[in-house]
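Trainee: Using the sequences and the hints, build the whole thing.
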Amino acid sequence: MPEQKVILTIDDEGKITAKTDGFKGETCLEAVESLLEQELNIVNIKKTDEYFQANELVSNRTITNNRGSL
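Taking our numbering, the leading residue of the sequence shown gets 2, the next gets one more, and so forth.
Keep in mind the hints are simulated off the structure, nothing from the lab. Fair warning: this is a prediction, and the values are worked out from it, not measured in the lab. Keep in mind that a hint or two might mislead.
In silico DSSO-like cross-links for lysine-lysine, where the CA-CA straight-line distance does not exceed 30 Å [said to hold, decoys possible]:
no.: 1; residue 1: K6; residue 2: K25
no.: 2; residue 1: K20; residue 2: K6
no.: 3; residue 1: K25; residue 2: K47
no.: 4; residue 1: K6; residue 2: K47
no.: 5; residue 1: K6; residue 2: K16
no.: 6; residue 1: K48; residue 2: K16
no.: 7; residue 1: K48; residue 2: K6
no.: 8; residue 1: K16; residue 2: K47
no.: 9; residue 1: K20; residue 2: K48
no.: 10; residue 1: K47; residue 2: K20
no.: 11; residue 1: K48; residue 2: K25
Mentor: In structure tokens form, the structure reads like this:
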């Protein structure tokens with residue numbers, strides 16, 4: 002899994018810009034929201050190509066047959 006990071010930039014007028022890297026799908030928005038857990042007036046959200054990529058789901062399943070030998 003690639004490194005995930007959120008880069009926040011605050012300009013001279015107090016405008017916050019967030020750029021995410023390494024996230025897939027809506028997890029990028031969830032990461033930013035968890036950092037900024039305050040009521041903010043979000044004016045614009047620009048979604049990148051990574052936003053529209055599906056989350057990677059990794060599942061490990063082991064099936065064991067416990068039947069006795071003949």
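Trainee: Hint by hint, say whether it matches the structure.
Mentor: Hints versus structure:
1. Of the pairs offered as hints, the one joining K6 and K25 holds, with about 12 Å between alpha carbons and a cut-off of 30 Å not exceeded.
2. Only pairs whose Cα atoms come within 30 Å are accepted, and K20 paired with K6 is accepted, the gap being roughly 8 Å.
3. Among the hinted pairs, K25 with K47 is consistent with the structure: their alpha-carbon atoms are about 14 Å apart, no more than 30 Å.
4. With a CA separation close to 17 Å, the supplied pair K6 and K47 stays within the 30 Å bound.
5. Simply put, K6 and K16 have alpha-carbon atoms about 20 Å apart, close enough for the 30 Å limit, and the pair holds.
6. Between K48 and K16 the CA atoms are separated by roughly 18 Å; this keeps the pair inside 30 Å, and the hint holds.
7. The suggested pairing of K48 with K6 holds, with an alpha-carbon distance near 16 Å, which does not exceed 30 Å.
8. In summary, the hint linking K16 to K47 is supported, as the alpha carbons are separated by about 15 Å, within the 30 Å threshold.
9. In summary, the hint linking K20 to K48 is supported, as the alpha carbons are separated by about 10 Å, within the 30 Å threshold.
10. Annotation: proposed proximity of K47 to K20 holds, straight-line Cα distance about 10 Å (limit 30 Å).
11. With a CA separation close to 11 Å, the supplied pair K48 and K25 stays within the 30 Å bound.
In summary, the structure agrees with every hint in the numbered list given earlier.
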